[in-house]
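In the order they appear, the protein sequences are chains A and B. Numbers 21 to 428, taken from our numbering, label the letters of the first sequence in order. Numbers 21 to 428, taken from our numbering, label the letters of the second sequence in order.
Note that these hints are calculated values from the structure, not bench results. Accuracy of the hints is not assured; some may be wrong.
A pair holds if it fits inside one copy or across any two, identical chains being indistinguishable in the list.
[Claimed, not checked] Here are the simulated DSS-like cross-link-like pairs (lysine-lysine), alpha carbons at most 27 Å apart as the crow flies:
no. : residue 1 : residue 2
1   : K191      : K235
2   : K44       : K228
3   : K24       : K191
4   : K24       : K425
5   : K228      : K24
6   : K44       : K425
7   : K425      : K235
8   : K161      : K44
9   : K235      : K24
10  : K191      : K161
Each chain, written out:
Number of protein chains: 2
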Amino acid sequence: MARKAILLIVDGLGDRAIPGLGGKTPLAYANTPNLDRAATLGVAGLMYPIGPGVVAGSDTAHLAILGMDPYEVYTGRGPFEAAGIGMDVLGGDVAFRVNFSTVDANMVVTDRRAGRITEGTDQLAQALDGMELGDVTAYFKESVAHRGALVLRGPALGPHVTDVDPHETNKPVLTSVGSDPASQRTADALNAFVRRSHVILSDHPVNKAREAAGKPPANIALPRGVGVAPAVAPLDATWHVRSVCFVETALIAGIGRYLGMNVIDVPGATGGLDSDVLATARAVVDSLSCHTFVLCNIKGTDVAGHDSQAEAKVTMIERIDEAVGAVLDGIDDETFLLVTADHSTPCEVGDHSGDPVPVCLYGPNLVADNVTEFSEAGVVGGALGWIRGVDVMPVVTNLMGVRYKFGA
Amino acid sequence: MARKAILLIVDGLGDRAIPGLGGKTPLAYANTPNLDRAATLGVAGLMYPIGPGVVAGSDTAHLAILGMDPYEVYTGRGPFEAAGIGMDVLGGDVAFRVNFSTVDANMVVTDRRAGRITEGTDQLAQALDGMELGDVTAYFKESVAHRGALVLRGPALGPHVTDVDPHETNKPVLTSVGSDPASQRTADALNAFVRRSHVILSDHPVNKAREAAGKPPANIALPRGVGVAPAVAPLDATWHVRSVCFVETALIAGIGRYLGMNVIDVPGATGGLDSDVLATARAVVDSLSCHTFVLCNIKGTDVAGHDSQAEAKVTMIERIDEAVGAVLDGIDDETFLLVTADHSTPCEVGDHSGDPVPVCLYGPNLVADNVTEFSEAGVVGGALGWIRGVDVMPVVTNLMGVRYKFGA
């Protein structure tokens with residue numbers, strides 16, 4: 021058999037009963053004929069991305085869905101952000117995600133996002149990249165908006181350091197300390213980097229221009245989310261697939277890169293509510309000509325959930341349903357499509373929650389269950405039962421016929 | 021969000037099909053409009069308190085339901101009994117539950133419960149409390165009826181000792197041995213305590229009076245259920261709640277105390293079939309004015325199960341249903357109520373069993389499933405699926421909105 025599979029992760033899809041939607045969730049409320057068709061013809065159930073009640077991040081949930089135990093491989097967001105924007109994070113490196121921020125003369129944070137700066141951060145990053153801090157080198161790169169990533173490379177660095185970012189305004193920048201000698205070396209380099217970043221950025225022409233325009237200067241780089249490169253095996257070798265991924269955020273792209281997946285950017289895939297999801301659907305279908313396994317993440321639903329915009333979430337779900345229709349029409353009858361979420365982002369919460377998410381699996385030779393509606397309540401009692409994120413790869417690769425027998 | 025939650029643990033609630041009840045369980049047979057309302061409006065499922073088929077004790081099940089792995093933290097019942105009656109059990113102490121028993125002149129046990137003695141045990145306990153055994157001190161306190169608890173405190177005591185209690189009548193008191201040098205020190209102190217208890221109690225006026233009245237004397241203290249203080253973190257700090265517990269047995273009160281919970285006695289809450297459960301319901305509702313998390317255990321159902329009294333169990337369940345009604349009427353629309361059992365105590369067994377128990381969860385913004393009856397069979401196929409005891413705290417605190425995100 022040469023069967024193929026697509027995992028469509030609708031970011032933050034799950035939700036709770038919303039009074040303004042007649043007590044329905046956005047997914048139950050939305051008109052989703054294609055998702056319902058997949059649920060009707062295939063099998064469905066509920067999935068705990070990590071475990072019952074565990075509030076998953078997008079990163080930890082994707083690690084689980086791709087077959088890894090996040091409690092083992094996840095040390096922090098930094099290395100995933102760095103890898104996601106194309107930086108190398110090698111064994112022994114310590115990596116951070118970074119905000120360009122604004123501090124006053126007393127190193128008190130006045131704006132954690134430097135007025136949500138959007139331009140010139142590439143020049144600011146260049147001014148910091150390659151900084152030598154004793155025997156440690158700092159690699160720095162900008163990401164979207166006020167964000168960036170920092171990789172510290174040098175002998176004997178440990179990851180157990182406290183934050184320099186106070187995580188709120190009107191608080192001073194903190195001094196990092198390490199909990200062991202190797203981590204104290206990291207803390208020393210980190211503290212030196214932060215002080216030097218303030219000196220370098222304060223005089224930078226980009227900031228002089230911002231101040232002249234009355235905007236807060238991006239006059240310091242504040243790292244957080246410390247972590248080390250995860251010890252993971254290439255996805256293709258582990259699961260006997262030829263994989264590709266289409267994702268809309270650097271964080272998930274970083275996970276794909278660590279796993280050795282082919283990471284492809286689709287023009288028009290913005291990660292927002294305006295994302296061209298039909299372009300992504302076409303790219304997914306096209307990629308099957310030379311890949312057997314596709315990971316696709318669409319982010320807009322999560323954005324709407326974080327903003328507590330139930331109607332925007334409904335609209336985004338209906339647009340994604342169209343894209344699912346294009347995928348169902350485009351794939352052959354030897355291809356599976358699994359649709360689920362990495363976590364719930366209930367509009368009433370405005371953030372991730374630990375609720376179970378719906379999952380449905382469509383493809384050849386499945387024994388259909390009684391589920392006819394792809395929604396949080398509609399999938400209860402489906403043939404998949406209650407699975408966990410780490411079950412997804414075994415379930416899918418089993419159906420693809422690429423698994424080894426355990427035993428004889 | 022400042023949401024609150026109540027866990028109502030109906031002790032030993034679960035049961036099996038009983039011919040005398042038309043093949044129904046006591047819960048299915050009972051008239052329970054309030055529990056059914058909670059199940060209808062909320063989500064339901066089945067719970068394995070520890071694992072499928074594992075016969076849970078009340079103590080191990082409550083540890084699991086409160087978020088701990090009982091295989092890690094449970095060493096024996098002694099420390100929970102001792103803490104439950106207000107004794108200190110410190111790190112390094114070894115604790116036992118104890119029966120006042122009757123032995124003959126050859127130290128053969130003739131009555132393990134000393135004629136179910138109910139009076140004078142406080143005086144007997146005082147005569148034993150503070151006994152010096154070399155460098156080990158024995159602390160002793162009476163509990164209800166023929167029961168008490170013993171705490172041994174001294175340098176280098178180990179918990180791995182064999183029983184002195186033969187656990188049946190017409191057998192001699194045993195000599196305890198330890199499996200390592202520290203535990204042998206405990207065994208030596210334990211053996212000395214038992215011998216001394218016989219000498220002291222035989223001449224005690226309480227026993228002289230009992231013998232004069234033709235009752236068996238409580239002429240020996242027989243410890244069992246050895247254990248050490250569990251290594252647990254305060255519940256409030258772990259789960260970000262402000263907790264209180266209303267329980268009817270010393271054993272569960274001891275767990276509450278170890279977890280730093282506010283443990284409150286309700287007048288009329290007897291732990292028996294006559295318990296004033298409406299008083300408990302009122303106390304639970306009132307406690308929400310200054311707490312965010314309530315644990316409530318009602319014991320009568322377990323008593324009826326141990327006594328194989330199916331009809332008494334039905335009556336107790338119907339009384340508890342009234343109390344549930346009072347709770348549902350008393351709480352606001354930001355409060356969750358989870359109802360379940362710590363284990364089944366089937367009338368046909370007359371003891372605990374490893375069957376799954378029903379669970380239902382009522383509260384704001386839940387997407388209702390199709391369950392309309394709170395019973396062992398009625399909850400099958402509910403949205404909670406099949407959970408385990410250790411899932412309860414994550415599931416509940418997720419809904420309360422007090423959980424940290426794992427990842428980003």
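**Message:** Hint by hint, where does the structure go against what was stated? Just the numbers, ascending.
**Reply:** Going through the list in order, the structure violates hints 2, 3, 5, 7, 8, 9 and respects the others.
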